[in-house]
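Trainee: Sequence:
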Amino acid sequence: MQGLDQDRHVLLPAPSGRSTPPTTPNGSAVAHGAATSDGAVTPWEALRGRQVIDLAQPMRRGMPQSPNHPPYRMALERRHGDMNRPDGGSAANELIVTGGHVGTHVDALSHVSQDGLLHGGRPAGPLQSHLGFSDLGIDTFPPYLGRAVVLDVARVHGVDVLPAGYAITPDDLDRAASGLTLAPGEVILIGTGWSRRWSEHDAFIGVRDGTPGPDEAAAHWLAAHSPAAVGAETIAFEHIPAGRGHAVLPAHRVLLVEHGIHIVETMNLDPLLATGAREILLVLNPLPLVGATGAPVRPLAVLA
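Numbering (numbering that gives the first Met the number 0), first residue to last: 0 to 303.
Hint data in this document are derived by calculation from the structure and do not stem from the laboratory.
Yeah, the Cβ is synthetic: ideal placement off N, Cα and C, and Gly gets one too.
Errors might be hidden in some of the hints.
As the list claims (entries may be wrong) - Quick list of the computed label-pair ranges, beta carbon to beta carbon: (1) L94 x A241: 34 to 42 Å; (2) T274 x P66: 40 to 48 Å; (3) P69 x S177: 40 to 48 Å; (4) A55 x H129: 27 to 35 Å.
Take these sequences, add in the hints, and give me the full structure.
Mentor: Right under this line is the structure:
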């Protein structure tokens, strides 16, 4: 049985809502929009001196997270001095236990189904086992290196943080995107200012008062622009009304199931929003956990 399970999951990575990035003759990925002709400026020269902003929240025990997912735990398994080498050297190491949707993370297309069907109308049952998903897992997410637009809805309303339970509408997104070109296959980030409340554990989760995020109509607005992924600062990305918790998640259905668009959640956009930048170079590469429905990620924003 073990051999059969292993064979079932030995599959080549499958496209997960977008095409695999182009590659150079040696097989390495080419950055989205990067020139590859002879004489072009090398990527490292083009990026020299640019400001890089870490968009990931720090992972630690007790951090805010969805109650629907296993919590993050880390323990120092071996301490210095527990074992000493003959030359006096010693090493410490840790044991980490975490859910795939804890901290800053990317949702795979296998994360949500509707009426038993995943993206592309594929039945979830045949793809899942105790080892995870044989397709549409987070390991099928092609590393993203390209342009991202920042739609700061909080700034549109003249506030640092949107109110708890605020539903972002298509009109909000239109106003935040004014003057920007949104191209298919890129990434859209939505600023609500909510990462500025990261230290307020219960308020950040929003079980009582809710959290701001796109409503179902806004999810359709996002899908109409065909992004590779969308990202935001809350643990559920979308609008969570007061007192409702994660009872229903229509934006997840629209984006993941109906349109094959990945979702990045619990991003730390605070330092990025403070710069006022509206477009960035984004590095987005979740851990390739084979068959997993999501994985931690440390997104990096490079400012122009």
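Trainee: Looking back at the numbered hints, which does the structure fail to meet, lowest number first?
Mentor: Number 2 - this is the single hint that the structure violates.
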